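Visitor: Take the given structure of chain A and dock chain B to it, following the hints.
Chains A and B are the protein sequences, given in the same order. The letter at position 161 of the first sequence is residue 239 when you use the working numbering, and the numbering goes up by one with no holes. The letter at position 351 of the second sequence is residue 912 when you use the working numbering, and the numbering goes up by one with no holes.
In case anyone wonders, no lab produced these hints; they're calculated from the structure. Since this is a predicted model, take the numbers as computed values, not measurements. Note that beta-carbon positions come from the ideal geometry of N, C-alpha and C, so glycine has one too. Possibly wrong hints are sitting among the right ones.
Listed next, the in silico DSS-like pairs over lysine-lysine satisfying Cα-Cα at most 25 Å (straight line) [what the hints assert, rightly or not]:
#1 B:Lys-840 with A:Lys-222
#2 A:Lys-251 with B:Lys-891
#3 A:Lys-326 with A:Lys-209
#4 B:Lys-795 with B:Lys-858
#5 A:Lys-280 with B:Lys-795
#6 B:Lys-876 with A:Lys-146
#7 A:Lys-222 with A:Lys-209
Reference listing, derived: stretches of chain B covered by chain A, where coverage requires no fewer than 3 residues with Cβ under 8 Å from a Cβ of chain A [as the list claims (entries may be wrong)]:
#8 625-635
#9 662-673
#10 811-825
#11 867-881
#12 884-898
#13 953-966
Now for the letters of each chain:
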Amino acid sequence: MSTPLSSPGSAQQAPGRGPVRTGSPRTSRTARNHAPITAAGLAAKVILLGLVAGIAIWAAFPLVEAEKWVGLAVLMLTTAALFYLYLGRRHVPAKYLIPGTLFLIAFQVVPVLYTASTAFTNFGDGHRGSKDDAIVAIQSSSVKQVPGSTQYPLSVATKGDPATGALVFLITKPGTDTVSVGDAGGLRPLDPGAATVGPGGKVTAADGYTVLNFGQASARSKDITDLVVPTAGGALRSSGLSRAYEGKAVRAYDAGCDCVKDSDSGKTWTADGEVGAFVAADGERLAQGWKVNVGLSNFTRVLTDERISGPFLGTLIWNFAFAIGSTGGTFILGMLIALALHSPRMRGTNLYRMLLILPYAMPSFAMLLVWRDMFNTDFGLINNLFGLSVDWFGQDWSARAAVILVQLWLGYPYMFLVATGALQAIPRELTEATSVDGASRWQSFRAVTLPLLLVALSPLLISSFAFNFNNFNAIYLTTEGAPFPADNPSNGATDLLITYTYRLAFGGQAAQFGFAAAISLFIFAIVAVVSAVSFRRTRQQEEVYA
Amino acid sequence: MRIRTAGVVALFALALAASGCGGDSDEPAAKDTPKAAGGKLVIWADDKRTAALKPFAEKFGQENGVSVEVQAVPNEDLQNNFVTVSSQGGGPDVVIGAHDWIGNLVQNGAIDPVQLSDEQKAAFNETAVKAVTFNGQLYGVPYAQENLALIRNTELAPEAPKTIEDLVATGKQLKAQKKVTETLCLQVGQKGDAYHIYPLYSSAGGYLFGTTANGDYDPKDLGVGKPESIAAFKKIAALGEKGEGVLKRSIADTNSTATFTGKKCAFLVSGPWATADVKKAGIKYDVSAVPGFAGGKAAAPFVGVQSFYVAAKGKNKALAQEFVANYVTKPDLAVALYQADPRPPALTAALDQVKSSDPDLAKFIEAGRNGQVLPAIPAMAAIWDPFGKAEAAVIGGADPTSTVTAAGKTIAGSIK
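This is chain A alone, in the form it adopts within the complex (with noise of 0.2 Å):
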């Protein structure tokens, strides 16, 4: 938002105001190269590089380890960018720009890069990892404890160092002393009286073996993890550090045939990459998918599909409605009162000030639910107070005018604000001057004040409208989109396209991030070309009063 947002700025300068800002290159370099290098300065430099430095430093360390090679060259090339750039006399202008310039890289044009990426991608609720970790998670939810089977008292040991050496499990059959020692070649009878076993089953001590204690065997979690030990049944593996159970995997991975295979039931589900997920013959589809790429589908999806495109003409309208009408209100109720208080004849301007700002000084967050509540039908305060029984939220007008309501009392104290610092901006010489001329009071509010405010007040406005544009708190915290129609509980009357939106991407079955870019994407969209086109309006305008 913040590229289109500084157009106006430049554009303010465009016309004859330059000369005096760049003042004569060629001797500012010249008064530079001799300015001296105060201690204050070479401290500020060093401390800054070296936070640059300690950062860079910091963050290589898990990108060599997740063997991320193009990121760590984009942040080797970055930081020595900074280096030669801020240890070199030259470049000055570049000393300004850079820092803002890699700001807005990572936090304005990252973001919306990787939105418009995952728009293409169907990652979301099942489908997050690769297609190897969906595999894993198959395998390892699979494993089931063979029917009839025992459970055994577990000691983890090695016959090596506790820290390092190969891991036994050292288990015993429950009731009697008779100890095995199991590993992945499978389990071996120990001889009798070689093992220690205390009271609870568990061996304490054997012939050979170091027994692991909690803290040893918890420090080699994943090898403890990772050792089966076949058997006829199945494999003992471990539950935990103190029980045994011989379980096994029903479910495997065939990498010949790409499919899940149950031994179970026998039936096989075909990995298909284009849903990104394992699918059975009859089309069942197993729960643990993978992130695959889906193309244009989930904006065909927003085009096509009738839950979608049916309701959104009208949401659209409303959306405008809403944007326009908590901006325009706000402004018209800020304006009106700052130029109430703007009269010289006016008394006590401070106080009135003070209050008028306290809806602005309190968390909307809090704010939306309070007034929620007021708008109650039977115990809200509004309806209380009036003596009315108006179902606010439960029909489609009146919802819609509580929302703009509520936006009006939040939003006017900030456009009373910066409506004051725009007309103590205006010169009052100006509107003495058109009453000199014979002009009323309307007339010259009309042909002097209101244009001077807007030419200050445009971007702002933009700005307020994007924002109410996608207000989602003040519908969500509020109506949540009611009141709905009987026959579609998936948009409401107060619904601006991005509740709307949330609700189909988050609100079904799992959440849908691909898809919840893709509608994004179509928002900025809209959003983007009627800022466009505003503020090219506004330029114009400019160069009319300017």
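Guide: This is chain B only, laid out in the frame that chain A set:
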């Protein structure tokens, strides 16, 4: 030039120091305590349970020579954060949460099954074990269960109503005597509330999902939109704003309990979590089962279970399994968690310990005797919103047939 060189040298020294600080900090700390050399167990729980868990986690750590860290994560973010960090390959070793998360956690490969012996399973309430069983596997160790019940103000309504009709009659009488302003505090709100209306819906013959042969919920057999559900919603509509005026959208989660404690209604449908407020308000109350419609089925509240899970991507899975399967199954911890948050323990032994000092517990369990386990299948997430809205619309006077049919279509459309 000399200043520049000095500056560069100083800078690199600083950089190394800065990066060194970051890298070193956890190692010496771990070596200082020899007990912690073994490994670390990270547990995620919500704020209340974190406080209750801490002493036990520390005890477990000391007994076993490991360090245990309990991290508080707000309940509403817990599941989402866990799934997100888990898909990045990190996160905690143990997580505590509601059993209806299981479907989503399993489809994201975030949790592993827990292997309990038959004796261990037998120590738990049967419903609780059923709740944490998903696709024939046990995915969590339950510690508490909860369900809705009817809480009534015994000064206003001394007798527990046997049917909804009894309740309405009593409420009307009280209203006529100006003792109350509402008949029943059952939260609905503008969006409806599927969880709270379910006892009435089930009593009127409706169901959400059918069951497969092995007793699991079957997402393919959706009950919403079927004739039974329409009939059920017709009965609910009769109690709504255009009917008896017993169910109202103006009663919502925010004011339902407050209206009851303000003595504006004699009956409240809520769970064990509401009793603290009711006690604080000094109201004489009793707990009984949510009544059903006369001649209908018994009202079945949803039974939810709070449970411990072993994270699939945890760094210390063996220790996590040890903690969840062999330590959490002891009654002491369940009692401590009950004291932090008064929900009936799932361990029978723990329930017996606390039952005598808290008579409500047994009443809540009794009220949940006809209950149904809250479905944990991922398809359940598609139910809440459309079902609730259909409920709100019907209570507001919309036509039950078209409303419920549309809700059924919406739900079926978002189930994969």
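Visitor: Counting residues of the segment 953-966 of chain B whose CB is closer than 8 Å to a CB in chain A, do you get three or more?
Guide: This one holds; 9 residues, not fewer than the three required, reach chain A with a Cβ under 8 Å.
Visitor: Is Lys-326 (chain A) close enough to Lys-209 (chain A), meaning Cα to Cα at most 25 Å?
Guide: Between Lys-326 (chain A) and Lys-209 (chain A) the Cα gap is close to 22 Å, so the pair holds against 25 Å.
Visitor: Would you check chain A against the segment 867-881 of chain B, counting CB to CB pairs closer than 8 Å, and say if three or more residues qualify?
Guide: Check passed, 6 qualifying residues.
Visitor: Hinted pair, alpha-carbon criterion (25 Å max): Lys-280 (chain A), Lys-795 (chain B). Please report holds or violated.
Guide: Not OK: Lys-280 (chain A) and Lys-795 (chain B) at ~62 Å, beyond 25 Å, violated.
Visitor: Sort out whether Lys-891 (chain B) lies within 25 Å of Lys-251 (chain A), counting only the CA atoms.
Guide: holds, 23 Å
Visitor: Checking C-beta pairs, does the segment 662-673 of chain B have three or more residues closer than 8 Å to chain A?
Guide: That given contact holds, which follows from 7 residues of the segment 662-673 of chain B lying within Cβ reach (below 8 Å) of chain A.
Visitor: Under 8 Å between beta-carbons, do enough residues of the segment 625-635 of chain B, three at least, approach chain A for the coverage claim to hold?
Guide: Holds: 3 residues of the segment 625-635 of chain B have a Cβ under 8 Å from chain A.
Visitor: Is Lys-876 (chain B) within 25 Å of Lys-146 (chain A), Cα to Cα?
Guide: holds, 21 Å
Visitor: Take a quick look at whether Lys-795 (chain B) and Lys-858 (chain B) sit within 25 Å of each other, Cα to Cα.
Guide: holds, 15 Å
Visitor: Under the criterion that the straight-line Cα-Cα distance not exceed 25 Å, is the pair Lys-222 (chain A), Lys-209 (chain A) satisfied?
Guide: The given pair, whose Cα atoms are some 22 Å apart, holds under the 25 Å limit.
Visitor: When I compare C-beta atoms, does the segment 811-825 of chain B have three or more residues closer than 8 Å to chain A?
Guide: Satisfied; 6 residues make the cut.
Visitor: Is Lys-840 (chain B) close enough to Lys-222 (chain A), meaning Cα to Cα at most 25 Å?
Guide: Judged against 25 Å, a Cα distance of about 46 Å means the pair is violated.
Hint compliance for this structure: hints 1 and 5 are not met, and every other hint is.
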